[in-house]
Amino acid sequence: MVAFPSEWIQHFGVHLATAYPPDLGARFRYYERLRPQLGFTAIVHQILTGDPDFKVHHIGEMTRIVTGEGEYGAWVRIDGQREGTHAVHFIGAVFMDDFATVLDCIAILPRSFAAVELLSMELLRSEALHMPRRPRRFFYVPPVGWQAISSGLTANWYPLDFPANLSTIVVPPASFLDGEPQRAIESALAQADAGLTVESVARDELTTASGVKGTCVRVQGHRAGKPEPIYRELAMFVVAPYTYRMRLETSNAGRLLELREVFRGVAGSFRPLPTAEEARLGRAFAARSDLFEHWAT
Amino acid sequence: MRLSLTFPSTSPTWTFKEGPNDQLAAILGGGGGALPELVITYGPIIVRPDEPRPWMEQTARGDVPRESKVTIGRTGEGVTAVGWPLRFVEAEVVNARGELTEVRLCAFYTFMEHASVAIVRAANRAGMEAHGKAVLAILGSARPDWTGEPACLAEVWDLAPPRKAVAQNKPRLAAPVRNDAELAAALAETEAALAANPTALDHVRRGGLLLELERPGDALDALRAALALEPTLERAHYLSGVALGDLDKHAEAIAAWEKALALSPDRVDTVYNLAQARFFLKEFEAALVGFQTVARLDPDDFMTTRKIAQCLYALDRYDEGAAARVRFRELWGSTRDPRAGFITEFVFDQFQADGFWVHALETLRPRNPSVYVLLTFQAIEIHGHHEHPLPATVTVETSDQAKQAGTPFVLAVKAGRQYRVVGMSKDLPPYPELKADVIRLLAEALRPPAKA
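Chains A and B are the protein sequences, given in the same order.
Residues 1 to 297 (my numbering) are what the first sequence spells out, left to right.
Residues 1 to 452 (my numbering) are what the second sequence spells out, left to right.
It should be emphasised that the hints constitute simulated quantities derived from the structure, not laboratory data.
It is possible that part of the hints are untrue.
[Claimed, not checked] Chain B stretches covered by chain A per the calculated footprint, using a threshold of three residues with CB under 8 Å from any CB of chain A:
hint, stretch
1, 86-96
2, 147-155
3, 279-287
[What the hints assert, rightly or not] Far from chain B, by Cβ distances over 10 Å, these chain A residues were calculated:
hint, residue
4, H15
5, A155
6, P163
Beta carbons: idealized from backbone N, C-alpha and C, even for Gly.
Produce the entire structure from the sequences given, and follow the hints as far as they go.
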């Protein structure tokens, strides 16, 4: 939850808290459970629909934030007019996979905009939900032109020419690591050939664009009683305290190289869940060195 | 989740209408009051029924007047172009007098554990046969569109533009996530490095951190120290411009950015900031050239076209300004930037009247398309950087009723709580005329009532 300072006037509703800081001409509204979790565009749309008097003039750049607990979120500043005067919405959301929390703030006094902006960001980043050990979605760039079907938190990606191109990429959520990393890797890799009569297995290392090293296993085999070859590729990363897996499966031998390239692209774009550094900096995919990025031309 | 069909982009042309129950209707012909030649309705993907045949029969027989009868005809199996199983069912509808009123071809699709249907309707067999090949191609193009809730984190962060947007209301250095403790630690580290070995790059680093900490005066000193050591450091000139801009020293900021631009002519941020500073100083001609350069260098940045319109109106080049507004609307409607969908109106002109200023706004997305405001002229008071609305507004409105009456443009004035229609016209008057009327009406509305 977001803890508003005790000196603010506060009102409570169902999964909702509204707070008014003194002297800032602003109202904060915190939605504690937004289900299902929508995309940030839909969340912003929902919030702005609830404020029909606000006319949008300019939407700033969305910031990918990380809370102090290491949860991903997004935040945006929206300038507009309300009853003819300059007003600003600061809308932030934290993505918990099964639900989102949303902090919306409207400010109407231009002299307070900067202070309210900072407060909005700080309150969002200080949100405490205490759910770090759950299965969590992690970041990767989806295969271009493929479509996903969700199964819980698992994304099953299919090419547009499926089922003629009988291929799928499966990305389950990250799991909290219990025990030794090596054991987790071996246990996951041992399942790579489940249900197959194996003809060949190969194993090598892979390194993502962000420098994370992982393991990749390629299995070729066929299902019992069926002659068609099945090709599987499992990519696995262990970045404590989570393990991450992605799997390609195809029977499309003719386009195997292309499909492996697509899968390598997805696996190569993988980013582990936020590090303590990202949580401290408040930005996704940020490192301390980014503080100096503006002079590195 | 819905069924997706691909229609030929060449003639004959199909028109599309949304129907009840999340259905889409694709209509061929039927213009000018004539009956359509063909209608294809298709829509949601459902969970595949345990017993598909009764569902198919019920669907093929459904949606007819009570006294009509439906006869199921031929059936057949097939697959779509990409291999999804497909079952065709033909049906004919006759009315109570036994006359054929509709010929149907239903295509039932199976998408793993889901199903969907497209129904082609024609008034008679000849109509169906005339387009048979095209219809089969459309039905064969079917595929499931699984789009729904985000399936991955990348889809949740969907408000990001397709590529980095450049234009900002204010020059920015990085994503606006302030972390003062982290910045202070980095500053201390940089200052320690400078104490040991002063380098131009470390001075620039310090200047950048001080800017992030909103200490533009100190940042400027640091950047000057960098330039004393290395006068051709483009980044130092650029950041000096940002610091000077933050200190409201726009003329000096321009000089700094000009030096940065000479060293790095294609940096679009510098061009944008220069144009914006010139706009602040009312050097509209030079600002216009700058914004036009930004639009050329970064065509995806549709918001810059708004600045171009503002410059043109400030220069009294109204026809070009109107063309820039049209261009902005086009870009707003076609950009891949998901943020555009939220913008409901924009300021295209700002001008001074007797004792007050006026903001001219154009509505992009009306809340009610039957009655809405096209243009708003808001009287405002400006104190330094702050603007306060005054209780007077002139609007140009339109409505379905006004359009039907042949006078789509309704000029109205709102003074406090009082609203008054001033006139109606077939065409909008030329902008200078409209502007003069707006100034007169706002001045009248703001005039204190005469004492009795």
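Hints violated by the structure (listed by number, smallest first): Hints 1, 3, 5 and 6 contradicted; others consistent.
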